[in-house]
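Residue numbers (this note's numbering), protein chains in the order written: chain V, 1 to 358; chain A, 1001 to 1093.
Since the hints were made in silico from the structure, they are not lab data.
Be aware that a few hints might be false.
[Unchecked claim] Have a look at the derived ranges for each label pair, beta carbon to beta carbon:
1) S160/V x S1089/A: 42 to 50 Å
2) R1057/A x D286/V: 46 to 54 Å
3) G88/V x D1013/A: 27 to 35 Å
4) R256/V x G1016/A: 48 to 56 Å
5) D1072/A x S238/V: 53 to 61 Å
6) S1089/A x E241/V: 45 to 53 Å
7) A1075/A x E357/V: 48 to 56 Å
8) G88/V x D1066/A: 24 to 32 Å
9) G1053/A x A292/V: 52 to 60 Å
10) R131/V x G1016/A: 35 to 43 Å
11) G1017/A x A268/V: 46 to 54 Å
12) R1006/A x T257/V: 54 to 62 Å
13) G289/V x F1058/A: 47 to 55 Å
On a predicted model such as this, the values are computed, not experimentally measured, just so you know.
Idealized CB from N, CA, C, for every residue including glycine.
Letter by letter, the chains look like this.
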Amino acid sequence: MTHVVAVGTRKGLWLLRSQDRRTWTADGPHFAMQEVASVAFDTRGDTPRIIVGVMSWHWGPTIAWSDDLGETWHETENRAIAFPEDTGTSLGRVWQIQPDTADRPGVIWAGCEPTSLWRSGDSGETFELVRGLWDHPHREQWAPGFGGAAVHTIVPDPGSSKVTVAMSTGGVYVSDDGATGWTPRNRGISAKFFPDPYPEFGQCVHKVAVDASSPSVMYAQNHHGVYRTDDGGLQWNSIAEGLPSDFGFFVLASPRTPGTAWVMPLVADGERFPVGGRMRVHRTRDGGGTWAELGPGLPDEAWTVVLRDAACVDAAEPTGVYLGTRDGCVYASADEGDTYSLLVDHLPDILSVRALEV
Amino acid sequence: MGVTLRLPTILADVAGGRRMLDVDPAPASVRAMFDALAVSHPALERRVRDERGDLRRFVNVYVGDDDVRHLDGQATALTEGAEVWILPSVAGG
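This is chain V alone, in the form it adopts within the complex:
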């Protein structure tokens, strides 16, 4: 088995490879000098496809893909993602690429800036704007966070036509009819930057991850606040007790072990550093009831952060955890987060990390 980790940065994509998750080689940069804010592996076909959201500051954003693990790359001749004329806007950045479930081959979702959701039926080569979300009456009140305004999380439901998205700001929205109608699902999630700290929508949810037990069980790392829902977002409850801080960017959930999730607490909104300058991951084994700090292999005196999509888990046994930092380091654990090793350093600012086994 070959393990492949795709690392998207401000200045290109690197592909890390290993046979044993101990010794790694790095290949890159692909797309030199272009931002790679999103990357996905689509494993539903005969060969895995890498799909990336790239952006050149000169030549604009687009989607590219490779069907030979990065040997060659392809782009749609025309625009893969283009806002219709009546929207009066243009694509800023592709923040998220999410293959749909196994029973919907060829369907790929993209979350973009400005805040929008897109659906592809041809494995990511062309996309169509999801009008139901774009035309939502709340849209004018979805304000940009510091990094921009985008759909950054897309969670298709394997058993139904339900789709859950999260955006900053805006919060969590759910469609139960295949992305036509959308309802906010933020009850219990705080938005301390509003006079009403528990509005219907407008939250700055940083990332959502699905528990291994059920698609209805999800975790959310909020802009202050860590939450779990057991009913698909109808009610979110805080699971931040036991963490040194409730601020952070990513949340990861185990693909195989119910109740297992990881976060990396940062001091606060106004102090976005690891607590005490020590880069540490916190893991729960009981759905957020309790947390354990995990640190061996992670650095002290670390004043960097891991952004929302710069962390991922793999599908191997035991689960691997991968963390890409803003100062260009990738740390990985092959033992469910107990211990870490440095895979590569001195890359540009890391924006996206995803893992694959082939």
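Go by the hints and put chain A onto chain V.
Positioned in the frame of chain V, the structure of chain A alone reads:
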């Protein structure tokens, strides 16, 4: 005679490996030239303009020695024999 479109090296890949394209007959304006390129060379045109048809922020287009942003923008008229340059501006860190 038409107009001559000159490209930076980085865009040659999406222009059949060439750094110079002849557009004949001469389009009436810069916009008309890019509209034609959207059909003949869509991967080139989308790098220069967004889907609204606006020039990308860090792309400069010159007609002769003049930046079209200091002329009439994409409405700048083209005449037979004109040279149009696409140049990346200074951007990035």
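Can you give the numbers of the hints that this structure goes against, from lowest to highest? none
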